[in-house]
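Visitor: Here the protein sequences line up with chains A and B, keeping their order.
End of the first sequence sits at 423 in my numbering; the numbers just go up one at a time, nothing left out.
End of the second sequence sits at 672 in my numbering; the numbers just go up one at a time, nothing left out.
These are computed hints drawn from the structure, not numbers from a lab.
Quick caveat: nothing in here was measured; it's all calculated off a predicted structure.
Among the hints, erroneous ones may be present.
[What the hints assert, rightly or not] Below 27 Å or equal to it, Euclidean Cα-Cα: the simulated BS3-like pairs (lysine-lysine) are:
id : chain 1 : residue 1 : chain 2 : residue 2
1  : B       : 541       : B       : 638
2  : A       : 2         : B       : 608
3  : B       : 541       : A       : 8
4  : A       : 246       : A       : 418
5  : A       : 246       : B       : 439
6  : B       : 439       : A       : 2
7  : A       : 2         : A       : 50
8  : B       : 626       : A       : 333
9  : B       : 567       : A       : 246
10 : A       : 156       : A       : 116
11 : B       : 437       : A       : 8
12 : B       : 608       : A       : 333
13 : B       : 554       : A       : 8
14 : A       : 246       : B       : 557
15 : B       : 557       : A       : 8
16 : A       : 83        : A       : 68
17 : A       : 246       : B       : 664
18 : A       : 60        : A       : 96
19 : A       : 2         : B       : 664
20 : A       : 418       : B       : 439
21 : A       : 66        : A       : 2
22 : B       : 610       : B       : 638
23 : B       : 437       : A       : 418
24 : B       : 626       : A       : 2
25 : B       : 610       : B       : 557
26 : B       : 541       : A       : 333
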Amino acid sequence: MKIIATIKKEALLLIRDPGGLALIFLMPLGLVIVMALIQDAPFRDYQETKLEVVFVDNDKDSLGSKIKSAFLQSPNIQFISQKDSNAARSVVRSGKYKAAIIVPAGASRSLRIKNKQLIARIFANLGYPGPSTDSTEIPIPGIEVVFDPAIKVNYKQAIGNAVEKVVANVQSEWIVDQLQNQLGGTNSPKAKMKVDFSNVIQVRQQYASKNINEKFVLNSVQHNVPAWTMFAMFFILFPLAGNFIKEREEGSMLRLRLISGSEFPVMTGKFLFYFGVCLLQFVLMILVGIFVMPLLGLPQLALGNNIAGILVTACSVAMAATGYGLLIAVFFKTPQQALSFGSISVVILAAVGGVWVPVYVMPEILQHISRLSPLNWGLESFNNLFLRDAPTLAILPDVLKLIAFAMITLLISIYIHKSRTIS
Amino acid sequence: MNDAIVSIQSITKKYKGALQPAINALSLQIPAGSVFGLLGPNGAGKSTLVMMLCGLMSPDSGSIRLLGMDTQENGTDIRRRIGVATQEIALFPMLTATENLRYFGEMYGLPERAINQKIALYLDEFDLAEKANKRVHSFSGGMKRRLNLIAALLHDPTLLILDEPTAGVDVQSRNILLEFLMSLKNKNITIIYSSHFLEEAEKICNRMAIIDEGKLVTEGVPAELVGEQQDCATLESLFLKLTGKHIRD
Chain A
1 MKIIATIKKE ALLLIRDPGG LALIFLMPLG LVIVMALIQD APFRDYQETK LEVVFVDNDK
61 DSLGSKIKSA FLQSPNIQFI SQKDSNAARS VVRSGKYKAA IIVPAGASRS LRIKNKQLIA
121 RIFANLGYPG PSTDSTEIPI PGIEVVFDPA IKVNYKQAIG NAVEKVVANV QSEWIVDQLQ
181 NQLGGTNSPK AKMKVDFSNV IQVRQQYASK NINEKFVLNS VQHNVPAWTM FAMFFILFPL
241 AGNFIKEREE GSMLRLRLIS GSEFPVMTGK FLFYFGVCLL QFVLMILVGI FVMPLLGLPQ
301 LALGNNIAGI LVTACSVAMA ATGYGLLIAV FFKTPQQALS FGSISVVILA AVGGVWVPVY
361 VMPEILQHIS RLSPLNWGLE SFNNLFLRDA PTLAILPDVL KLIAFAMITL LISIYIHKSR
421 TIS
Chain B
424 MNDAIVSIQS ITKKYKGALQ PAINALSLQI PAGSVFGLLG PNGAGKSTLV MMLCGLMSPD
484 SGSIRLLGMD TQENGTDIRR RIGVATQEIA LFPMLTATEN LRYFGEMYGL PERAINQKIA
544 LYLDEFDLAE KANKRVHSFS GGMKRRLNLI AALLHDPTLL ILDEPTAGVD VQSRNILLEF
604 LMSLKNKNIT IIYSSHFLEE AEKICNRMAI IDEGKLVTEG VPAELVGEQQ DCATLESLFL
664 KLTGKHIRD
């Protein structure tokens, strides 16, 4: 009865506080949407980003054509043809384009001669007559790949690797051609077999979890919606601590302290009310992830298949956030102290916990520290559910840590609040 | 005094870092059914004493017994039977008068029917019925004080402790408050009335104590206290004589 009365009172106070409502519901919604949009490009990374690459083909032969056709097949590269090598270097240097591939004149011819010399050496070594060739070492003009210094390292590696792969494939094909010509004669149709090196060993890429499709990979929405939802849930300390300290300053808390046995129902009522608000925030943010994100051109939030696990995690995060808010509320004496410490601490816990950037990109020491943040426990649990389709048992360690954190903060809050009743 | 509802035995309270104790070896008996005035200049120790009577603060030494119970051992039971109107307006400004009273009634554990009856009765008695559904933040100082007193009365306390109940209110509100308090004299409720206003205290109190610098200066029936001092014709002159004329901050 007393707990319900406190929940009703808290609800009335919150409904009549438009600023508090905006802080709890509107600002987090804006935050989730903005962060998902901003981080969309970095999350899409090379695989999903359209990169403009300047291409200069001074070879005008097979090698240049092969490189061009290989890159043209890539959905992430847009080739900008350029005739002048210096101009190509210049536009990359200026940052207009991220990279340039310059195939030098005579590259194909040089590669053919080099291959022919190689075959001749192999045949001679085995005691067979090889192709007639000039044994003089010829310089191979290198394919130049120029990068904007501001290019991301993984883009640089991807383009460089792709060029090397094309050249290696071309070289392999030409060596086989040369071998066939040498062994079977150029007129024999049997000798003209085309060897496809791409199918020699198949590399099949798949995700380790069962029942997971492309929808479930880590992208901006999959990361930002649960991450910033938890951040917003922990910011419940703003209305919670703000109202609590206001009640203390205005005197209404004093009257409650004068009512016997009110400490537990007051604290529990507040806890349950703000726990409910946190859950409401969670549901709202998830709905935004499912229905609003696709309207903004972002991927739809995929929840995985363990809905019960999601509810358990959401409840435990809500408990932890409310417990932390209560602790801040009872511990500090002025709203300025509580809200300054509260907001900064939540930002730190969020940053360390992997809300801003995934934990795996952090330095090793931070990765260890991140395991101490309740936001990390929640995020790991959501990632397990959303991305790895984990069973409830797998999220249990993180959920138990969140519940333990909530219980400890709640009990300390009640103890501090009660101990201040008699000083 | 055998029928004392409050028995204070040589209590001392010194705040951390303070040079002098706020309450210094103070002993006092407050008879049941009395309207007892607790008077003193600023910083005399009145609010500290009130806090200790409510069980919100414990003395460093000595003991306080309220309703036959020790405040340190039976604080919970004592608070159930006392009503306190604090110097601060202890209400929720964003709730209406009814919502405030309903919430406090529920926290006292009163049944809903009793809460409704008391809200209607007291709002009418204190001339606040028309403002029942208005939020408290829109109330005048006098209206807030009246509502603050109602909140302390909801659970029918045996002992009512009032700390500066008329501070900052207009004449009309003060009149309503005082008339109501005088009406309680007949209902066997003991009232401890801490105030700066000597005239008010003289008007409604049948016993009073003057304290200064944490010590009891005098205690008794107001008229007798004045009569005991040959050169004091009024309570104010007695007060000034006993506590001095220098300004207190």
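Visitor: Each of the hints needs a verdict: does it hold here or not?
Guide: Hint check:
1. B:541 <-> B:638: violated, 39 Å
2. A:2 <-> B:608: violated, 32 Å
3. B:541 <-> A:8: Cα-Cα ~20 Å, so holds.
4. A:246 <-> A:418: holds, 18 Å
5. A:246 <-> B:439: holds, 25 Å
6. B:439 <-> A:2: violated, 35 Å
7. A:2 <-> A:50: violated, 60 Å
8. B:626 <-> A:333: violated, 39 Å
9. B:567 <-> A:246: The hint holds at about 17 Å.
10. A:156 <-> A:116: violated, 32 Å
11. B:437 <-> A:8: violated, 40 Å
12. B:608 <-> A:333: Not satisfied, since the Cα-Cα distance of roughly 40 Å exceeds 27 Å.
13. B:554 <-> A:8: Status holds; Cα separation ~21 Å.
14. A:246 <-> B:557: holds, 20 Å
15. B:557 <-> A:8: Holds. Residue 557 of chain B to residue 8 of chain A sits at ~18 Å (cutoff 27 Å).
16. A:83 <-> A:68: This hinted pair holds, its Cα atoms lying about 14 Å apart.
17. A:246 <-> B:664: Outside the cut-off at roughly 41 Å; violated.
18. A:60 <-> A:96: holds, 25 Å
19. A:2 <-> B:664: violated, 50 Å
20. A:418 <-> B:439: Holds, at about 20 Å.
21. A:66 <-> A:2: violated, 78 Å
22. B:610 <-> B:638: violated, 31 Å
23. B:437 <-> A:418: holds, 22 Å
24. B:626 <-> A:2: At roughly 39 Å apart (the allowed maximum being 27 Å), residue 2 of chain A and residue 626 of chain B break the hint.
25. B:610 <-> B:557: violated, 30 Å
26. B:541 <-> A:333: Outside the cut-off at roughly 35 Å; violated.
Hint violations for this structure: numbers 1, 2, 6, 7, 8, 10, 11, 12, 17, 19, 21, 22, 24, 25 and 26, all remaining hints satisfied.
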